[in-house]
Amino acid sequence: MRLEYFRLIDRILEFDPAGRTIRAEALVPTESPIFEGHFPGYPLMPGVMLLETMAQASGWLIIGLTRFTRMPFLAAFKEAKLRSFVTPGQMLAVSAKLAHEGSGFAVTEAEIAIEGKRVCNATITFRLVDFPSAKFRAGMQEAAVAIAFPMETVANG
Amino acid sequence: MSSTFDTVANIIAETCDIPRDNIKPESHAINDLGIDSLDFLDIAFAIDKTFGIKMPLEQWTQEVNEGKATTDQYFVLQNLCARIDELVAAKSGVKL
Chain E
0 MRLEYFRLID RILEFDPAGR TIRAEALVPT ESPIFEGHFP GYPLMPGVML
50 LETMAQASGW LIIGLTRFTR MPFLAAFKEA KLRSFVTPGQ MLAVSAKLAH
100 EGSGFAVTEA EIAIEGKRVC NATITFRLVD FPSAKFRAGM QEAAVAIAFP
150 METVANG
Chain X
0 MSSTFDTVAN IIAETCDIPR DNIKPESHAI NDLGIDSLDF LDIAFAIDKT
50 FGIKMPLEQW TQEVNEGKAT TDQYFVLQNL CARIDELVAA KSGVKL
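Residue numbers (numbering that gives the first Met the number 0), protein chains in the order written: chain E, 0 to 156; chain X, 0 to 95.
What the hints contain is simulated information worked out from the structure, not anything from laboratory work. Misleading hints may appear alongside valid ones.
Negatives, chain E to chain X, calculated, CB over 10 Å [to be verified]:
| # | residue |
| --- | --- |
| 1 | Arg22 |
| 2 | Phe38 |
| 3 | Pro45 |
| 4 | Gly101 |
| 5 | Phe104 |
| 6 | Val106 |
| 7 | Asn120 |
| 8 | Lys134 |
| 9 | Met150 |
| 10 | Val153 |
Now the in silico label distances, taken between C-beta atoms and shown as ranges [what the hints assert, rightly or not]:
| # | chain 1 | residue 1 | chain 2 | residue 2 | range |
| --- | --- | --- | --- | --- | --- |
| 11 | E | Gly18 | X | Glu57 | 24 to 30 Å |
| 12 | E | Glu13 | X | Gly51 | 27 to 33 Å |
| 13 | X | Val63 | E | Glu78 | 47 to 53 Å |
Remember, predicted model here, so these are calculated numbers, not experimental data. Even glycine gets a Cβ: it sits at the ideal position worked out from N, Cα and C.
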């Protein structure tokens with residue numbers, strides 16, 4: 000995870016278009032300026048960044064399912080639960096499944112687990128829009144490659 | 000029709016914290032009930048799920064933006080319910 004750059008997903012482990020699910024991993028860094036404030040002498044991964052991590056995994060799922068034709072923007076969290084503290088150095092197993100694909104929006108159910116134990120989960124709503132520009136889309140494709148998104152699954156997009 | 004309206008009205012009341020009695024068939028979701036676009040996403044999600052349909056919100060929005068339709072056609076609740084009934088009928092192959 001590169002917290003300061005909001006690059007929170009390290010690697011896509013599995014993208015299943017038929018099952019409409021995705022799995023990814025992310026390692027909480029051992030050092031970051033964020034931990035200087037959150038909290039002094041007691042570093043904890045901020046809850047909002049855990050929510051963002053689930054949103055990013057969900058976003059890659061939606062981008063994959065729409066074959067890089069639509070960009071998901073975060074619209075709402077529901078039933079978000081932060082169940083345990085997450086600390087520097089922990090490896091996060093992030094997963095999401097599509098709960099509903101509406102017209103211009105999508106809803107996912109996402110969660111993060113550490114060593115098999117769920118630490119947070121949420122229902123997340125996204126607005127889906129056309130990519131604002133070809134440059135934006137290309138940038139997302141580049142970012143996808145960097146985290147090992149299986150581009151062959153969306154090759155016709 | 001009445002049951003579609005009751006279901007939709009209950010969804011709106013629950014999603015948007017609007018008193019059920021204030022929600023009438025002639026109510027305009029935006030102009031009368033003050034439902035914003037984010038709340039409408041929640042309503043659309045609940046309607047899609049409840050009726051097993053996919054309301055074509057993007058198509059409707061485009062028609063309104065292009066002047067081919069008015070918001071009344073889609074957002075006055077009795078009209079919205081008629082659209083929902085059409086979508087349900089189309090899905091099940093029944094002619095209204």
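Hints the structure violates: just list their numbers, smallest first. When the structure is compared with the hints, numbers 4, 5, 6 and 13 turn out to be violated.
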